[in-house]
Amino acid sequence: MDLEKAFDRVPRQVISWAMRKLGVEEWLVSAVMSVYTGAKTVFRTVYGNSKNFEVKVGVHQGSSLSPLLFVIVMEAISRDARLPSHGNCCMLMTWQ
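For what it's worth, my numbering labels the leading residue of the sequence shown as 581, then goes sequentially.
Simulated from the structure, these hints should not be mistaken for lab results. These numbers were taken from a predicted model, which means no experiment stands behind them. Just so you know, not all the hints are guaranteed correct.
Stated by the list, open to error - Straight line, CA to CA, 20 Å or less: simulated SDA-like cross-link-like pairs of lysine to any residue: (1) Lys601 / Ile652; (2) Lys601 / Ala656; (3) Lys601 / Gln641; (4) Lys601 / Pro647; (5) Lys620 / Glu634.
Work the whole structure out from these sequences, hints included.
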């Protein structure tokens, strides 16, 4: 699995699911998710910047919180996958 590509493709709803699954308090889940609500970016080129557009997947590049969020997602999925009655390991495949 290419974790670098997965890092860029984590669905936002999976981030909130994972935090809740690992027992993160709801006020903190809401605070983190508010950072991602309406997040926009632009492409910079030698010819100027593109128009801004909303980013709906992935964790923020360069944020010190992003690696932690990615680890939380991977931990929640791997815990769920270890249970014989659950099959959420398939969530990893949806990131492609």
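Does the structure break any of the earlier hints, and which numbers would those be? Of the numbered hints, just 3 does not hold.
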